[in-house]
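Asks: Letter by letter, the chains look like this.
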Amino acid sequence: MMVLTTRDREISGCGLAGIISRKKILIPGETIIRSISHMIERGNGLGAGYAGYGIYPQFADAYAFHVMYDDELARKETEEYIRKHFHVIHYEEIPTKKTKNIQESPLLWRYFLKPIEPPDVESFVEEDFVMKAVMDINDKIKGAYVFSSGKNMGAFKGVGEPDEIGEFYRIEEYQAYLWTAHTRFPTNTPGWWGGAHPFTLLDWAVVHNGEISSYGTNKRYLEMFGYKCTLRTDTEVVAYLIDLLVRRHKLPLRIAAYALASPFWKDIDRLPERQRRLFTAIRMVYGAALLNGPFAILVSWNGGLMGLNDRIKLRPFVAAVKDDKVYMASEESAIREVCPSPDRVWAPKAGDPVIALFEDFDGGEQFREYQV
Amino acid sequence: MLYKSLSSFPVFELERDYDKCIVCGCCVQQCTYDATYYLPYAKKVITDEHKCVGCKRCEAMCPTGAIKVRAVSNEFKHNAYWDARTIRDIYKQADQGGVILTGGGNDRRFRVYWDHLLIDACQVTNPSIDPLREPMELRTFLGRKPDALKIEYDENGEPDLKTELYPNLVAEVPVIFAPMSYGALNLNMHKAMAAAADAMGTYWNTGEGSLHRDLYKYGHCTIVQVASGRFGVSAEYLKVAAAVEIKIGQGAKPGIGGHLPGEKVDEEISKTRMIPVGSDALSPAPHHDIYSIEDLRQLIYAIKEATNYEKPVSVKIAAVHNVAAIASGIARAGADIIVLDGFRGGTGASPAIVRDYVGIPVEIAIAVVDQRLRDEGIRNWVSIIAAGGIRNSADVIKAIALGADGVYIGTAALLAVGCTLCHKCYTGKCAWGITTNDPYIANRLNPEIAAERLINLLKGWAHEMKEMLGLMGINAIESLKGNRLRLRAVGLTKEEMDILGVLPAGEGL
Amino acid sequence: MNHRIKRVYPIEENCMGCRLCEVACAIEHSEFKDPIMTFFNGKPQSFTTVEVDRNFSFSLNCRHCDEPYCVEACITGAMHKEPDGRVIVYEDICVGCYMCVVSCPWGAVNPKEGAKKAAKCDLCPDRELPACVQACPNRALVFDTTEELVFELPEEEEEPFVEG
Amino acid sequence: MAEYLIAGNSVAAVSAIQAIRERDKEGRITVISPEPYTAYCRPLITYVLAGDVEEWRLPYKRESFYQQNKVEVLYNVKLDGVDVSERTAYLSDGKKVAFDKLLLAVGGKPFIPPIEGIDGPDVYTFTTIADMKALAGRLEDIKKVVVIGAGMIGMKTAEALAKRDKEVVIVELMDRILPMVLDKEGSSFAEKALDRAGISYVLGDSVVGVGRDASGKVRRVELKSGAKIECDAVVVAVGVRPNTTPVEGSGIEVNKGIIVDDMMETNVEGVYAAGDCAESYDIILGQKRPNLVWPIAYRHGLIAGANMAGGRRRFVGGFPINSIGFFGFQVVSAGMSAVGEDEEASIEVLKFIDESKGVYRKVVIANNRLLGFCVIGDIRRAGLYTGLIWSRMDVSYFKELLVEHISLPEAIYPIDGALPAMNFSDRKNIRRFGWAVFPYSYRKLFTGYSARIEEICAFDDKGVCFYDGADDEG
Amino acid sequence: MEPLIIDAKGMHYRRLNQMIRDKVAEGYRHFILENVNGQRYIGAGIMEEVFIEIHGVAGNDLGVFMKRGTIIVYDNAQDGVGNTMEGTKIVVHGMAGDVCGYGMRGGKLHILRDIGYRTGIHMKTYKDMVPVIIIGGKAGDFFGEYMAGGILILLNLWDDDDRPVVGNFLATGMHGGTIYIRGEVDPYLFGKEVGVVEVTEEDKLLLRKHISEYCEDFKDHGLDVDEIMSESFTKLIPVSTRPYGKIYAY
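Residue numbers (this note's numbering), protein chains in the order written: chain S, 1 to 372; chain R, 1001 to 1509; chain B, 2001 to 2164; chain V, 3001 to 3474; chain D, 4001 to 4250.
One or more hints might be untrue.
Pairs of lysine-lysine, DSSO-like flavour, derived with a Cα cap of 30 Å [unchecked claim]:
1. R:Lys1494 / S:Lys140
2. V:Lys3399 / B:Lys2112
3. D:Lys4192 / R:Lys1264
4. B:Lys2112 / V:Lys3163
5. R:Lys1020 / B:Lys2033
6. S:Lys349 / R:Lys1162
7. B:Lys2043 / R:Lys1043
8. R:Lys1494 / S:Lys228
9. V:Lys3357 / B:Lys2043
10. B:Lys2116 / V:Lys3143
11. S:Lys250 / R:Lys1494
No wet-lab data here; the hints were simulated from the structure.
Hey, can you work out the whole structure from these sequences and the hints?
Replies: Here it is in structure tokens:
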């Protein structure tokens, strides 16, 4: 187990921050570093990460795979696999900069890929194909880990303080219209590079504060649908559940959020008949998708940003709006650091998703409902 | 009797403190086995220990605590292999040449997997939840569920459910009273279970002896059984119930049929089972219309047709070695619920040899069935009810964590109302008034008191389950379902852990 | 009939004939209040009697009638109906003529053990519930007013039991 | 405002006052009391004579009772006559009292047989405090007393005198003690008790003359058989008859007693009779007759009082109930109890006798109904027989059990305090009593828990209970 | 109301039965089903007095759990006819398959031709509910197995092959009811729980009553009661109502 203790800290939990520009005005990486670093007390230096959307405009149509390798052998094997299944548009080592505390890291590469459609598959779903590739690499190739696989987005994460990780990955050099960030205080799982947040699948990226006590149930549920939970951490199930419910089962995003943090029976029982039927059905069918335990999560994708709290709000979560920008973070101070005078600041209700979509995003009916 | 057959070595001895005996006669009146009687001239009550079955009724009822019933101290010469019971059984069969009957559940020393599984708790990183103040939900849906929901927005922008749901049972506590037939039990016990299930928002199961007319009012919380004997199975019986269960097998006696002796078939049982008074009620081992899985499908759909597809259909099987494959077949045959009855399950009467040595533990059965159904991607199609030896709320939690949706409790329910597990159910003389049909002895079981006790039991278990959910940091039972990471094994072999799908104690994650 | 008076009613469906009500009554009304002392050193007397007939039993005790036979028959005024409805005997006035014993159609008034007095159920004034009711393990005795207690009678009378 | 006049001041008067006041809180009630006492218990005077009971405990009701019920009592006054057309009563002190409702509760009068020399001092009757005081005042001069009549009064008086260390001889015309209650067999138990107590008795003989000395003092009695018994005093206790003297010639119908209907009203509207003076329905004989016993007098008064105050209550009927104990002998009985086994073909007599324990039980059955019983010795739960008489239940299904098992708790709580000895020989077959065979009837009785058994239940010819609703309260 | 004619060609049984149930709820009582071919569960659980005529081969579990009414099949029927039925009369103008009348508690099955294996298993009697199965042809093995009540009549009218009238293991486990078989039966076929008794006059009256009704149902086939009754019958009853009471040691 790689437990790297950099500084002595008292226990306080994780922190997360996210900024979205609904008009897709690019936000410099420096902003999100400042925001997350303001909550440095919430982490212990054992993990931090960022996800940015809109950072690869030149490869907007290609799946951007960020891959960590333990060694060159793993890279060789992985690249063989990739070449077999994808057209490689471009690939390179992810530019990094050694910092005072981060002297060593896994090999970090990125690939811009387009799937090679297999000839014998009847109904080819590109996303399923990519998802399977990610699962295969992570599951089967020792020492290789795809930690980002969406289009025009990328996750950057590692072991270290958020400011150091930002510096390491040279985040300030990127510009994105949606950023999420995370600082980590790992306990249950070793503080390894892959274990840092965000967790991603396709363009879904999840940062998470808390612990999913229902992990075992969620994991075995997801396994029925071909997801492999290999990362020894609970957060990955969130990304997969969102992918399953929203992308594959086509649930409206808000409904998916209600499946993850469903209302209590005593509240459901008081609803009017139609809604009661709906919520009862959600809990009946998606009971295994319920995220139980304390959590606050930010889910980002190419359509926008969603923040969600567990149903009894055991983790802090604040949201704010300023012009076209929506901020979400564990602490209000992280927002104020980068947006001193927001139009509105509020603490969302437990289990009620905060959804901010890009104005030009057309996700169809599924994303009809949003607030902010 | 001067001459005693070898089999009549007493099993129990009754110690009576004559300094305390006030000769009130309560023990004499309460003993249904005629083991205790009064000596008028000596003005003493004495006991014929050969007849004592160790039910402890006299001990419980003695107002001065003058009686203690104990297992005999002068057993046979100690022998770890030829134990006393084995010896007695051989004597008995040598005497009578029959099948040795017994009641209750398996009492042999097989490994109890429940006791090798420990429950994980939260500390700091994922906080435990206080169930006294925080909400804690046990509501459980039993029945087939669609794999996914289709939800669309209507013209008003309201989300609208487009998926047709299958009928489900909704249990507020995932603990259901196990099928125990009217005949094996008396009506008072049925009344008590029905009332308790009603009060607790859960269900009870009639067993194969049909449903007494007086209990039709409890139809909404009743699971009715259709067994090979088809006793009292009518369209009304099926329609009044909340769910219909096809009984294929029983954990206590897999592959063995039921047999209610004619002398137990009195007027009321006759009316309920719709057979003549005094006639044997035989349930053959197989349903004679089910000799293959497609026949089961035929019966399942016959019941669904007869109930207009409004009720879930459950199939109860004994846990046997290829239970996973069977369960998969049952799920694919259209059942909504599968009941897995482990070898610890109780019975009113069974050949002892079958009860003791046939079947597999329900823990194993749940694990393999849940895994198999998940592997096949059909876990949503059926709910799993675990039955057979669920003793306490921890067993319930463990069963659900292994993959069950709910549990049946039979023996525990009987214990709650006074059963002392003397295993003499088949004699019809149950001194606690539970398994007897002698109307006067049955008076001993006041349905009102029994229902209260059952309610208390369920309430206690529900509280404990909430505590345990809370300590796991979970506030809804669905997050426990199949959550095997919440269990850790102690003292199990690698193979057993693999089958159960649990990690050894001490391993993280 | 006065429905508001609490009385002890037997529920015959629940009676199993264990007769612990008798024992409890005897203990409660003995000077010792202890089962063994009562039965070995005292003069045990129960005011309730369990009637048993093979498959049928119930505990029979004083009904605290509205117009009690025993009160009518009492020549001294010792047998008395209290304003709260209880029928009790003032032992210091009683001369032990036993007119009450012979007139009670329920056999619920009896000579007191060891004294020339009448003795009967007093509904255990010192207790919240009469001892017999509390002792009944099967709630075959209830202590209640008839307002809440309604017996369900069968529509048609059953044929009287004929001993074969 | 109604004017109630009650002639007599014993138990019937008391219960009538209570019944009137239950319905009419205002009406004026006047009681004519022939004696200078509040209502007291006649049977108790023997206890006072014996010294068992202090005199102050005699009153059945005290002055406060009359005050609370706003009753005016005229003491030491008798009813002399009634003018029913004028609705006026004539009193012995010459006064006239007008009434709206009159209750004749004038009781009985001791019967004094025509015996030579019986008139004069030292011959006592024993029904009033005055009688008792007269005898008590002379006790010092008396050594030996002859008691004529072995009935209730005779026996209790004899016991009282014996307790005061007087020699007592009982003379009885019939061949047995307590001839109205016991048959010869039962009497033998009583005789044994008398023998044990050293009381002499002469049965089957009668006193034909009272011998007095010159001063008029009683010295001896002469019997029909010719025997002579030396004595200083004679107590005449051969019976009490209804007192009908006050209504003679008034137009109120009289037979042996005053005739009343089942509402206790005489042939004259507004005039009621109750207690020993009245003739009422006897459910055992099926006809009206005087029943001179305490509980019936109480019941008479209660019903008469209720009806006088405007109620509509009926007297269903009654039968004699007796309990007496003397010299350690205790007997209770009701109804037809003295009848012998072969006296009437239609009558069946069942007995249980245990000489050693002094237990004797006898029931009299006719037409499958219990008509009477007599229990000597262990009288526990004997009232159940009374209940059976009241309910007119068919006892043929369980009659053998009647004498054997009625007090089967024999017993769990024995008189002598010895260890209980239950009869478990037929444990599964314990049958205590007849109620057990009538579960439904029984339960029906139970719903009318506190009501009168004779009013809430009746049994048809087959012994099946039916509820007739009891005509009560108009 | 006019009979409702339903063309069942190619219809799934679930739709067909749903239609029948809906129409019963609307008040229809007489149904004529055309082109039936194997649709299962026809009449399942219907509690109203219906009259269903089926043209074609009726599928499995015909009349299962039915309480009253009449079903006439103008062709053969498959397995499980009258399964756990309470009181319907089913007339089959042809043959029927295996496990017919299983757990039947009332009503009648009149089968014109042969019947398959395991007929009348666990048939029961309760008070005046006495199920009756009359088979015109022959029957397979386990005829009347576990029979607990009711009447089985096997007529053997069309002796058109050399099979015996009834198969092996006749009435094993039988503990109630009566079986009448027209003609002689080889005792070798009997299960061990059954015994032959003489046919009394009362039996004959009962047989005549049932067979008359049977002949009436099949009057187009020229059946005659007297002719049928002219041959002798074998009557079988269980030797004990408690066949397995003695195999236990207590």
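Asks: If a hint holds in the structure, say so; if it does not, say that too.
Replies: Evaluated hints:
1. Note on Lys1494 (chain R) and Lys140 (chain S): the hinted pairing holds, with a Cα-Cα distance of about 23 Å set against a maximum of 30 Å.
2. Taken as a hint, the Lys3399 (chain V) and Lys2112 (chain B) pair is honoured in the structure, with Cα atoms around 28 Å apart against an allowance of 30 Å.
3. For the hint pairing Lys4192 (chain D) with Lys1264 (chain R), the CA-to-CA distance comes to about 24 Å; that is within 30 Å, so the pair holds.
4. The straight-line distance between the Cα atoms of Lys2112 (chain B) and Lys3163 (chain V) is roughly 23 Å, inside the 30 Å bound, and the hint therefore holds.
5. With a C-alpha separation of about 15 Å, the suggested pair Lys1020 (chain R) and Lys2033 (chain B) falls inside the 30 Å cut-off, and the hint holds.
6. At most 30 Å may separate the alpha-carbon atoms for a hinted pair to count; Lys349 (chain S) and Lys1162 (chain R) meet this at roughly 28 Å.
7. Distance restraint check for Lys2043 (chain B) and Lys1043 (chain R): the Cα-Cα separation of roughly 17 Å lies within the 30 Å cut-off, and the hinted pair is therefore satisfied.
8. With a C-alpha separation of about 23 Å, the suggested pairing of Lys1494 (chain R) with Lys228 (chain S) holds against the 30 Å cut-off.
9. Taking the CA atoms of Lys3357 (chain V) and Lys2043 (chain B), the gap is about 19 Å. The hint holds against a cut of 30 Å.
10. Our distance criterion of 30 Å between C-alpha atoms is met by Lys2116 (chain B) and Lys3143 (chain V), whose separation comes to about 29 Å.
11. A distance of roughly 41 Å separates the Cα atoms of Lys250 (chain S) and Lys1494 (chain R); the hinted pair therefore is violated under the 30 Å criterion.
The structure does not agree with numbered hint 11 stated previously, though it agrees with all others.
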